[in-house]
Amino acid sequence: MALASVAERIQISLADYLKRDRRTITPAYSLRDDLGLDSMATIELLFRIEEAFEIQIPDEDLHKLATVGDVIAYVEGKVIPAPQTSAKPATRIASTRKKSASGKKAK
Amino acid sequence: MSARVVITGLGVVSPIGIGIAEFWKAALEGRSGISAITSFADFPLETYRSRVAGQVLNFNPAQYLDATRAERVDRYAQFALVASTEAVTDAGLRMDQEHPHRVAVIVGAGMGGMVMGEREITQLYQNQRPHRVHPNFIPTITLNSASGIVAMAHGAKGPNLTISTACSSSAHAIGQGLQCIRTGQADAVIVVGADASITPLVFAGFCSLRALSTTYNDAPERASRPFDRGRDGFVMGEGAGALILESLAHAKKRKARIYAEVAGYAATSEAYHMVIPREDGAEVATTIRLAMDNAGVTPAQIDYINAHATSTPIGDAVEAKAIRQVFKSRTDRIAISATKSMVGHTLGAAGSIAGAVCALSIQSGQIHPTLNYEDPDPACALAGLTRQSQRRSIKVALLNAFGFGSNNAAVVFKRFA
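Line order of the protein sequences matches chains H and X.
The first sequence runs 1 to 107 under my numbering.
The second sequence runs 1001 to 1417 under my numbering.
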């Protein structure tokens, strides 16, 4: 099975969070204006994303994350430039996929 | 005509001083009580996004409380005991001469006994030895532990209440104390606000909420900067404030010294969001107007505002907007100060410490400075906010306090005449 891209995983994560079809979430969407996330909801979403990608998003970067595309680019920037041994990211993705799969089942 | 209510005693435990004299001197000098966290220095602090706080350093409970009592109460209740004892003494309130059922205790606390709470929960979950949960765990973490202990310490047998409305808890406690006397339930009320939750879990929780300042970890004294353009979140503080409220008749009868009058109060809910205030400031403005109505004063009479001013980007902007909505062109002629710039945000204690500041400002005609107001944010420029202390005759003062849970409170104080 092909590994999901960062963009796909973020879209899945958003769709899961917002309980809506991921195909309706495009990178151009503003988190606030199009997806209706207030600042607290954005923080909750980023909390999930931090966990899923094993990254930390410092407070001073929050203002950079206005659209879905911003979040994708930000996470890609954090995850991709530090290629580690291929085993670790693969496990990470596998475990996240499992988590989101079970989340879907519960719906 | 309901009873007039006056303040006859004050007490405080704060990051800039324990005791009113030390606190007020430090406040007028503009001392910062913000420092690098030492409260849980055994934790890997570098893993916390924020690492500064307004801690009450060198607080030795044994200096104020007997050992048995001290070990049975959590840090926040120790603060409450010390502050309330100072206030009762300051007021010259002799409980042996009072009808005990006519003296109430109202405590505002947002978090309560978190020191023991966190320790016991961690131990149980790690060790799974339920019989090792401390027998004093429940009486300590119950949110009214401080109000019970304060009543016992002073023998106050009137209404004994705890108000927990997060950061507005003890502003509400002052307001409910006022109501308690106005409605004839008590002659005097020991009002206290207290919190001590610079603890690993609570602090981490506020970090996760992205509510705390994170960019001044290397310059702690600069971290709390209400209304400044460089503000980036609040700095958690700890402490307690206490005020003795009395009916004027009762205070006169015992020839008590009067700091100021508590003239009015309003409590509202924005019914909007657990942690985000309404950005247009309309609800805050309404709260201020209702408190002034309740006090029978007009916007033209307010000389001083002790702002809630936590140093969060949105909170300060909303408050400034609301102040401007209410006071319009008069706004810039009102002296304003932000106590949290010195002590941080003491959560449940904040309203009572601010209440003590209002009483002291009215009595002394001095207004403490606001630290770090270096680059006024145009979104909340307030001309009455100064980095130096001000001398100003104050006839009417306003205290603002807002809390998570969509809560607002405002209290109006008057010079006693």
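Source of the hints: derived by calculation from the structure; they are not laboratory data.
Here a beta-carbon is modelled for each residue, glycine too, at the ideal position from N, C-alpha and C.
Don't take every hint at face value.
Only some residues are given here: those of chain X computed to face chain H with a beta carbon under 10 Å [as the list claims (entries may be wrong)]:
#, residue
1, Leu1045
2, Arg1049
3, Val1133
4, Ser1208
5, Leu1212
6, Ser1213
7, Asp1232
8, Val1297
9, Thr1331
Right, here's what the structure says about each hint:
1. Given the 10 Å rule on beta carbons, the hint for Leu1045/X is violated: about 15 Å separates it from the nearest Cβ of chain H.
2. With a least beta-carbon distance of about 6 Å to chain H, the hint placing Arg1049/X at the interface is held under the 10 Å criterion.
3. Residue-level restraint check for Val1133/X is violated (minimum Cβ-Cβ distance to chain H is 30 Å; threshold 10 Å).
4. A hinted interface residue such as Ser1208/X counts as satisfied when its beta carbon comes closer than 10 Å to some beta carbon of chain H; here the least separation is about 7 Å, so the hint holds.
5. Because the smallest distance between the Cβ of Leu1212/X and any Cβ of chain H comes to about 8 Å, under 10 Å, the interface hint for this residue holds.
6. The beta carbon of Ser1213/X comes within 9 Å of a beta carbon in chain H, closer than 10 Å, and the hint placing it at the interface holds.
7. Because the smallest distance between the Cβ of Asp1232/X and any Cβ of chain H comes to about 7 Å, under 10 Å, the interface hint for this residue holds.
8. Because the beta carbon of Val1297/X sits about 35 Å from the nearest beta carbon in chain H, more than 10 Å, this interface hint is broken.
9. With 10 Å as the threshold, the beta carbon of Thr1331/X stays out of range of chain H, its nearest partner Cβ sitting at about 27 Å, so the hint is violated.
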